[in-house]
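S.K.: The lines below spell out each chain.
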Amino acid sequence: DTEVTQTPKHLVMGMTNKKSLKCEQHMGHRAMYWYKQKAKKPPELMFVYSYEKLSINESVPSRFSPECPNSSLLNLHLHALQPEDSALYLCASSRGGGEGPGNTEAFFGQGTRLTVV
Amino acid sequence: GQNIDQPTEMTATEGAIVQINCTYQTSGFNGLFWYQQHAGEAPTFLSYNVLDGLEEKGRFSSFLSRSKGYSYLLLKELQMKDSASYLCAVRDLDTGRRALTFGSGTRLQVQP
Chain A
12 DTEVTQTPKH LVMGMTNKKS LKCEQHMGHR AMYWYKQKAK KPPELMFVYS YEKLSINESV
72 PSRFSPECPN SSLLNLHLHA LQPEDSALYL CASSRGGGEG PGNTEAFFGQ GTRLTVV
Chain B
20 GQNIDQPTEM TATEGAIVQI NCTYQTSGFN GLFWYQQHAG EAPTFLSYNV LDGLEEKGRF
80 SSFLSRSKGY SYLLLKELQM KDSASYLCAV RDLDTGRRAL TFGSGTRLQV QP
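Protein chains in written order, with our numbering: chain A, 12 to 128; chain B, 20 to 131.
Take the hints with a grain of salt, since some may be wrong.
Below 30 Å or equal to it, Euclidean Cα-Cα: the simulated BS3-like pairs (lysine-lysine) are [stated by the list, open to error]:
{"no.": "1", "chain 1": "A", "residue 1": "K51", "chain 2": "B", "residue 2": "K76"}
{"no.": "2", "chain 1": "A", "residue 1": "K64", "chain 2": "A", "residue 2": "K29"}
{"no.": "3", "chain 1": "B", "residue 1": "K95", "chain 2": "A", "residue 2": "K52"}
{"no.": "4", "chain 1": "A", "residue 1": "K51", "chain 2": "B", "residue 2": "K100"}
{"no.": "5", "chain 1": "A", "residue 1": "K64", "chain 2": "A", "residue 2": "K52"}
{"no.": "6", "chain 1": "A", "residue 1": "K20", "chain 2": "B", "residue 2": "K95"}
{"no.": "7", "chain 1": "B", "residue 1": "K76", "chain 2": "A", "residue 2": "K64"}
{"no.": "8", "chain 1": "B", "residue 1": "K100", "chain 2": "B", "residue 2": "K76"}
{"no.": "9", "chain 1": "B", "residue 1": "K76", "chain 2": "B", "residue 2": "K95"}
{"no.": "10", "chain 1": "A", "residue 1": "K20", "chain 2": "A", "residue 2": "K64"}
{"no.": "11", "chain 1": "B", "residue 1": "K95", "chain 2": "A", "residue 2": "K33"}
{"no.": "12", "chain 1": "B", "residue 1": "K100", "chain 2": "A", "residue 2": "K52"}
{"no.": "13", "chain 1": "A", "residue 1": "K33", "chain 2": "A", "residue 2": "K52"}
{"no.": "14", "chain 1": "A", "residue 1": "K29", "chain 2": "A", "residue 2": "K52"}
{"no.": "15", "chain 1": "A", "residue 1": "K30", "chain 2": "B", "residue 2": "K87"}
{"no.": "16", "chain 1": "A", "residue 1": "K20", "chain 2": "A", "residue 2": "K33"}
{"no.": "17", "chain 1": "A", "residue 1": "K30", "chain 2": "A", "residue 2": "K20"}
{"no.": "18", "chain 1": "B", "residue 1": "K87", "chain 2": "B", "residue 2": "K76"}
{"no.": "19", "chain 1": "A", "residue 1": "K20", "chain 2": "A", "residue 2": "K51"}
{"no.": "20", "chain 1": "A", "residue 1": "K30", "chain 2": "A", "residue 2": "K64"}
{"no.": "21", "chain 1": "A", "residue 1": "K20", "chain 2": "A", "residue 2": "K49"}
{"no.": "22", "chain 1": "A", "residue 1": "K49", "chain 2": "A", "residue 2": "K33"}
{"no.": "23", "chain 1": "A", "residue 1": "K29", "chain 2": "A", "residue 2": "K49"}
{"no.": "24", "chain 1": "A", "residue 1": "K51", "chain 2": "A", "residue 2": "K30"}
{"no.": "25", "chain 1": "B", "residue 1": "K100", "chain 2": "A", "residue 2": "K49"}
{"no.": "26", "chain 1": "B", "residue 1": "K87", "chain 2": "A", "residue 2": "K20"}
{"no.": "27", "chain 1": "A", "residue 1": "K64", "chain 2": "A", "residue 2": "K33"}
{"no.": "28", "chain 1": "A", "residue 1": "K64", "chain 2": "A", "residue 2": "K49"}
{"no.": "29", "chain 1": "A", "residue 1": "K20", "chain 2": "A", "residue 2": "K52"}
{"no.": "30", "chain 1": "A", "residue 1": "K30", "chain 2": "A", "residue 2": "K52"}
Chain B residues, not near chain A, derived (Cβ > 12 Å throughout) [claimed, not checked]:
{"no.": "31", "residue": "F64"}
{"no.": "32", "residue": "A118"}
{"no.": "33", "residue": "T120"}
{"no.": "34", "residue": "S123"}
To be clear, the hints were calculated from the coordinates, so they are not data collected in a lab. Computed from a predicted structure; not experimentally measured. C-beta: ideal position from N, C-alpha, C; glycine also.
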């Protein structure tokens, strides 16, 4: 199983709404990531969790709040978003969280296409 | 930080060979990755290089020169389905990063 599953696939939300994006993997990976991707742009790193602890927050606004309840799950809580936050949100995971070569290939989920209205 | 450069767009003919170049600058290099991304879909892993040289995987090969901060992805026997964006990504340890930083991607159009 090399699958990262994200739900929902599509989400439309108002600027006053609260919603959550979910990500799940059962590959035993201990590093999980949230990326944001705008149209015709590369994925931009938002958060990194290593062994269920937040290790990197790329200066993301507080209206995005990540959570890692266990080693298989990663959530992204959304509150008071702006229209410019509309994008494809990608979850990824990789084996370990360490530095060794060959253990850092990241597997991506299909993403949640978010539209903020 | 990292600086990753790759051409924005390339066009090639079905059955031909195309080489997509990537140059990078990073202080704590720990691997270079190539991903393929079709429009509206997630990136899918193609190849990984951490040592100098060529890695071959079927129709796809990737080359790395760490001293030159240079990599290329070689696609042989091009098929129409190879039309996609190809993302070069680098892993850097010195700044505490464990995640990948992506280049802007190269949109490849394969023509009949």
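S.K.: Determine for every hint whether it applies to the structure shown.
M.R.: Tested hints:
| no. | hint | in the structure |
| --- | --- | --- |
| 1 | K51(A) x K76(B) | holds (27 Å) |
| 2 | K64(A) x K29(A) | holds (23 Å) |
| 3 | K95(B) x K52(A) | holds (26 Å) |
| 4 | K51(A) x K100(B) | holds (18 Å) |
| 5 | K64(A) x K52(A) | holds (28 Å) |
| 6 | K20(A) x K95(B) | violated (33 Å) |
| 7 | K76(B) x K64(A) | violated (35 Å) |
| 8 | K100(B) x K76(B) | holds (17 Å) |
| 9 | K76(B) x K95(B) | holds (11 Å) |
| 10 | K20(A) x K64(A) | holds (26 Å) |
| 11 | K95(B) x K33(A) | violated (38 Å) |
| 12 | K100(B) x K52(A) | holds (21 Å) |
| 13 | K33(A) x K52(A) | holds (23 Å) |
| 14 | K29(A) x K52(A) | holds (26 Å) |
| 15 | K30(A) x K87(B) | violated (45 Å) |
| 16 | K20(A) x K33(A) | holds (10 Å) |
| 17 | K30(A) x K20(A) | holds (13 Å) |
| 18 | K87(B) x K76(B) | holds (23 Å) |
| 19 | K20(A) x K51(A) | holds (19 Å) |
| 20 | K30(A) x K64(A) | holds (22 Å) |
| 21 | K20(A) x K49(A) | holds (16 Å) |
| 22 | K49(A) x K33(A) | holds (19 Å) |
| 23 | K29(A) x K49(A) | holds (21 Å) |
| 24 | K51(A) x K30(A) | holds (25 Å) |
| 25 | K100(B) x K49(A) | holds (23 Å) |
| 26 | K87(B) x K20(A) | violated (41 Å) |
| 27 | K64(A) x K33(A) | holds (17 Å) |
| 28 | K64(A) x K49(A) | holds (27 Å) |
| 29 | K20(A) x K52(A) | holds (19 Å) |
| 30 | K30(A) x K52(A) | holds (24 Å) |
| 31 | F64 | violated (5 Å) |
| 32 | A118 | violated (5 Å) |
| 33 | T120 | violated (7 Å) |
| 34 | S123 | violated (5 Å) |
Of the numbered hints listed earlier, those contradicted by the structure are 6, 7, 11, 15, 26, 31, 32, 33 and 34.
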